[in-house]
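**Student:** If you want the building blocks of each chain, they are given just below.
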Amino acid sequence: MDFTFLASTMVTLLKAVPTTLILFSLSIFLGGLLALVIVSMRVSGNPLLSGFAKGYIFIFRGSPLLIQMFLVFYGLGQFGVIRYSFLWPFLREPMVCAVLSLALCTAGYTAEIFRGGIRAVSPKEIEAARSIGMSGPLLVRRILAPIAFRHALPAYSTEIVLMMKSTALASLVTVWEVTGVAQRLISQTYRTMEVFLCAAIIYLVLNFIILQGMALLEYSLSRHRRAAPQALKA
Amino acid sequence: MASLELLGFGSTGWGALLIAATLMTLAVTATALAIGAVLGAIVAAAKLSGNLALVTLGNIYTTVFRGVPELLIIYLIYFGGSSAVTSIGKAMGYEGFLGLPSFIAGALAVGIISGSYQAEVFRGAFLAISKGELEAASAIGMHRGLRLRRIIMPQVLRLAIPGLGNVWQLSLKDSALISVTGLAELMRTSQVAAGSTRQYFLFFIAGGCLYLILTSLSDRIFNGAERRANRSMPAAAMGQA
Chain A
0 MDFTFLASTM
10 VTLLKAVPTT
20 LILFSLSIFL
30 GGLLALVIVS
40 MRVSGNPLLS
50 GFAKGYIFIF
60 RGSPLLIQMF
70 LVFYGLGQFG
80 VIRYSFLWPF
90 LREPMVCAVL
100 SLALCTAGYT
110 AEIFRGGIRA
120 VSPKEIEAAR
130 SIGMSGPLLV
140 RRILAPIAFR
150 HALPAYSTEI
160 VLMMKSTALA
170 SLVTVWEVTG
180 VAQRLISQTY
190 RTMEVFLCAA
200 IIYLVLNFII
210 LQGMALLEYS
220 LSRHRRAAPQ
230 ALKA
Chain B
0 MASLELLGFG
10 STGWGALLIA
20 ATLMTLAVTA
30 TALAIGAVLG
40 AIVAAAKLSG
50 NLALVTLGNI
60 YTTVFRGVPE
70 LLIIYLIYFG
80 GSSAVTSIGK
90 AMGYEGFLGL
100 PSFIAGALAV
110 GIISGSYQAE
120 VFRGAFLAIS
130 KGELEAASAI
140 GMHRGLRLRR
150 IIMPQVLRLA
160 IPGLGNVWQL
170 SLKDSALISV
180 TGLAELMRTS
190 QVAAGSTRQY
200 FLFFIAGGCL
210 YLILTSLSDR
220 IFNGAERRAN
230 RSMPAAAMGQ
240 A
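Just so you know, the protein sequences line up as chains A and B, in that order.
Per numbering that gives the first Met the number 0, the first sequence runs over residues 0 to 233.
Per numbering that gives the first Met the number 0, the second sequence runs over residues 0 to 240.
Extracted from the complex, chain A is given alone in its bound form:
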């Protein structure tokens, strides 16, 4: 194996890591916010709102992310309304389009994961909160959201890893993140295996860090489930 080539490839690819991380964190953040909106519509009980949420989830989970990304990147510019509006300077940027479509897509999946978490909250806990006079935003903030988030965490960490992999698609709308740079290196050098190896290691390390972080978060949120010290046991 040619170690000097591997090292120089690694250095080139590592320079693209910040772009990947920016794509990843922005779309997770925006997608999470949007998912909260969608899931509250979905469980609102209002047929119009929950119908809209169902449709949103169906569309964004049922079609490939790539076609959504191309729709945003190539499709939106076709309309004069958008092309000549104040939004165009932003929507012209590949990075903005990539983040937008990644966030829209992950919101569909994340909303379903959050809904699963909400359904796992025991009705007794809600009843108990109601019986002491808690309702509305306070109930959501103190009882529903923390418990639902804890239940949703394992599935949500899988979704986050999937998102890290999805950032690779941004290379197809000319954002030069790790996969895009790797592809350029492959087509310049034809040394597929070496470049692939370096890029794969970068993604595996990033995913490993994410999963460890999520496991740590899960651990710190489940203090009540851990074995109590002997003296406290009733």
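Hints may contain errors.
[Said to hold, decoys possible] With a Cα cut of at most 25 Å, we get these calculated SDA-like pairs of lysine to any residue:
#: 1; chain 1: A; residue 1: Lys53; chain 2: B; residue 2: Ile204
#: 2; chain 1: A; residue 1: Lys14; chain 2: B; residue 2: Asn50
#: 3; chain 1: B; residue 1: Lys89; chain 2: A; residue 2: Lys53
#: 4; chain 1: A; residue 1: Lys53; chain 2: B; residue 2: Arg219
#: 5; chain 1: A; residue 1: Lys53; chain 2: B; residue 2: Phe200
#: 6; chain 1: A; residue 1: Lys53; chain 2: B; residue 2: Arg65
[Unchecked claim] Taking beta-carbon pairs under 7 Å as the criterion, some of the chain A residues facing chain B (in silico):
#: 7; residue: Leu70
#: 8; residue: Val71
#: 9; residue: Thr178
[Stated by the list, open to error] If we take Cβ atoms under 10 Å as the criterion, some of the chain A residues that face chain B in the derived model are:
#: 10; residue: Leu64
#: 11; residue: Phe72
#: 12; residue: Tyr73
#: 13; residue: Gly76
#: 14; residue: Phe78
#: 15; residue: Ile131
#: 16; residue: Gly135
#: 17; residue: Met163
#: 18; residue: Ala167
#: 19; residue: Trp175
#: 20; residue: Gln182
#: 21; residue: Leu203
In case anyone wonders, no lab produced these hints; they're calculated from the structure.
Each residue gets a CB set at the ideal place from its N, CA and C atoms; glycine is no exception.
Take the given structure of chain A and dock chain B to it, following the hints.
**Tutor:** Same frame as chain A, but now just chain B:
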């Protein structure tokens, strides 16, 4: 309407090409799923074998192919496969570049990815078979092959249907990435149609709708298959499954 004409089956319409591309997407996904089923069964068996070397190999396979972006794996198989074919060609006396056919490269790449997910599905299904049944089969003197064929396989297939449904949906959407190799599947054809007519929005919406039809239809088929496979099971057990 001009846009209806573009989507239609007339001389200026892309309808027939889009339908052919949809069939191509189905064909390449089905081939990928079959490749993945073979790989997945082998890897699941390796991970369940208890042999340290085989378990480690199985773990490396599932970790790498579930942790690396699908697009990179497609680049690896397409470019790597092509240079392998070229060097074989050189050894046999043919000069110049030989490309791996994009259908084969694409189906292989998506198949390898889906294999890593199917391995986990099969492993989970195997672990869900009650130990008592396996012991009972051994107790009445069934040898390994017969036990595999009569007890393990039918149950693994039944228990794996929901998981396989998920893998199929994943692969169907992953198959859109094969468009980077130039295979005329649904994504690629929508892209070509969009580019040559400058009607990007129209054709990406049309392509997206065709994908939605495929995913929702296959959802129904897998739900039906699940019901059919569970028809002899007690209702309470089905609720748990």
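**Student:** Now tell me, hint by hint, if it's right for this structure.
**Tutor:** Results of checking the hints against the structure:
{"no.": "1", "hint": "Lys53/A <-> Ile204/B", "in the structure": "holds (19 Å)"}
{"no.": "2", "hint": "Lys14/A <-> Asn50/B", "in the structure": "violated (40 Å)"}
{"no.": "3", "hint": "Lys89/B <-> Lys53/A", "in the structure": "violated (55 Å)"}
{"no.": "4", "hint": "Lys53/A <-> Arg219/B", "in the structure": "holds (17 Å)"}
{"no.": "5", "hint": "Lys53/A <-> Phe200/B", "in the structure": "holds (23 Å)"}
{"no.": "6", "hint": "Lys53/A <-> Arg65/B", "in the structure": "violated (28 Å)"}
{"no.": "7", "hint": "Leu70", "in the structure": "holds (4 Å)"}
{"no.": "8", "hint": "Val71", "in the structure": "violated (9 Å)"}
{"no.": "9", "hint": "Thr178", "in the structure": "holds (5 Å)"}
{"no.": "10", "hint": "Leu64", "in the structure": "holds (7 Å)"}
{"no.": "11", "hint": "Phe72", "in the structure": "holds (9 Å)"}
{"no.": "12", "hint": "Tyr73", "in the structure": "holds (4 Å)"}
{"no.": "13", "hint": "Gly76", "in the structure": "holds (8 Å)"}
{"no.": "14", "hint": "Phe78", "in the structure": "holds (7 Å)"}
{"no.": "15", "hint": "Ile131", "in the structure": "violated (34 Å)"}
{"no.": "16", "hint": "Gly135", "in the structure": "violated (34 Å)"}
{"no.": "17", "hint": "Met163", "in the structure": "holds (8 Å)"}
{"no.": "18", "hint": "Ala167", "in the structure": "holds (3 Å)"}
{"no.": "19", "hint": "Trp175", "in the structure": "violated (14 Å)"}
{"no.": "20", "hint": "Gln182", "in the structure": "holds (6 Å)"}
{"no.": "21", "hint": "Leu203", "in the structure": "holds (5 Å)"}
The structure fails to meet hints 2, 3, 6, 8, 15, 16 and 19 from the earlier list, while all remaining hints are met.
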